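Asker: Those protein sequences? They're chains A and B, same order as listed. Note that the working numbering has the first sequence beginning at 225, numbered continuously upward. Note that the working numbering has the second sequence beginning at 375, numbered continuously upward.
Treat the hints as calculated values from the structure; they're not laboratory data. In this text the structure is predicted, and so the values were computed from the model without any measurement. Keep in mind that the hints are not guaranteed to be accurate.
Under 8 Å between C-beta atoms, here's a sample of chain B residues computed to sit facing chain A [to be verified]:
#1 433
#2 444
#3 446
#4 475
#5 479
If you only want the chain B side, here are some residues facing chain A, beta carbon under 8 Å, derived [unchecked claim]:
#6 384
#7 423
#8 447
#9 489
#10 500
#11 501
The following residues of chain B were derived to be distant from chain A, with all beta-carbon distances above 12 Å [to be verified]:
#12 381
#13 411
#14 430
#15 478
We put the CB at the ideal spot given by N, CA and C, even for glycine.
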Amino acid sequence: MGTELLERRAVISGVGQSEIGRQIDRSGFQLTLDAVLAAIADAGLTVDDIDGLAMFPGGGKANLPGYANGNLYEIQDALRMTTRWRQGIVEGMCLPFYGPAMAVATGEARHVVIWRTVKEGSAARNAGGRPAYGSTNPVAEGPLAWLLPVGALSPVLQIAPYAARYQHEYGVTREQLGWIPVTQRAHAALNPDAVYRTPLSLDDYLAARMISTPICLYDCDVPADGATAIVISAADTAAGLRAPVSIEAMAGVVDGRPSWEQWEDMGRVGYATAAAMWNRTQLRPADVDVAQLYDGFTIEVVWWLEAMGFCEPGEAGAFVEGGQRIALDGELPLNTWGGQLSGGRLHAAFGHVAEAVRQLRGEAGARQVAGAQVAAVTSVGGYEAGAALLTAWSG
Amino acid sequence: MDATVGIPPAVTAETEAFWTAAGQGRLLVERCSACAARSFPPYGICRVCRSRDVAPVEITGEGRIYSLTVNHQRWMPGLEVPYALVLVEFPDHPGVRVFGRLRGCPPQEAVIGMTVDIGFEPGPGGQAIPSFVARVPAGTVDPRPRRAPVSQPAGARRQERG
Ligand SMILES: [Zn+2]
């Protein structure tokens, strides 16, 4: 490794969340403040220590229906802060902490807070059901012009053909894949903040209605309300932090055609990203104690299991079958907070990062994986992928 | 099955030729004058050799379903369901893949590898949208073999713990 690993100059110092639920009757702005203040306190810092702010997404997408980030400058103003670094982005968001880690690693800032606030649960209720993607726009702009007009009105319909192709090529069955949502629901039962905590059986999964084949209701994450904030600090501030977590390696590669319908084989979406990440560390897949793999849909977990090298291509079905390997006491405890499938669609791996940090600190309560020292975190949104290894702080 | 409920496309300088031809039942892609490659969607540049000397050209012939989904969810009021959406590739035009609806067979009978003809139907906002027509009986399977496992980056496989 000839290049310097800049991520080693950054740590995750704090995570904080608002109340999370199907519908929370508070404004997105208040949920954001709750999470930001909780994350700063969790880091052992004060508001005056923070000199960078970021949110995902930013720009014109920040406040689409169900997107409730608010305005970055209003948050700064409300908190009476001075910032030296700010970012609100859509493109390039491979991991929540990627940009902030670069900012503190290069000295642009010392402590950056990034947040993601959703009110998609309320938005779905208000629309009388999960609304069509982009349905508030009069016309489908840019890449959506090839999706919405033909009737691909939701990300479900955009990913479903790739899920079908994967199952066609490898013969993986719904009976196998159902163990992912079923096992994650068992984990959610131990997470008081999860949206759905009642048991889910494989029979429940197999009986669920189809949304768009082969994706059924329980293959889709849960629209939710809630905010998550993460504090990223320069590693040389660690002595003043309550409980930092190390960033061992991170990467985000977009190598195929970055398009929902043109991607050559979306089942391979994480491969280049995972390879780039493993190139930045001596750790190997066998060293991972807990995996928080992005689960907007069940099939994304499948692809990450294979891309990250936890099993061979085409073998994720066999890997998860029965659920033992991915249970809390299994070989690879998976989405220990319930994931987005049961914990709520906190989006962009914010929930996954928060859980990884809690596991590595030993602060995950009833769902704690004993002795967790290495956590894998991945994120994916269609073609935009990110992967990281986080490790317990060793000083 | 009615496909007019939905969201129409924004028509741009790059896509105007495509949507105009769609209304005439013709499928346009961009052909490169330098290397003859076909590119889609239209960007005004060849995706193979990056020449800017491209022009719209109609493609014809059979398409093949790369994959599909059958949608059962009524995402908008009045949306008729179920319907099949198909990703179609063209044996004679490598590099072109088009997303569209499928007609000509019940949606649940559509399968990967099925041969389709190019077609269009009325879509949202008076705009014709790609709507392929199943040509051969259902049950035609993808002739391509299931792919073999591909090697991972060195050392990236999960090892059994000792
Ligand atoms: Zn060319």
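Asker: Tell me the hint numbers this structure goes against, listed in increasing order.
Answerer: 1, 5, 7, 9, 10, 12
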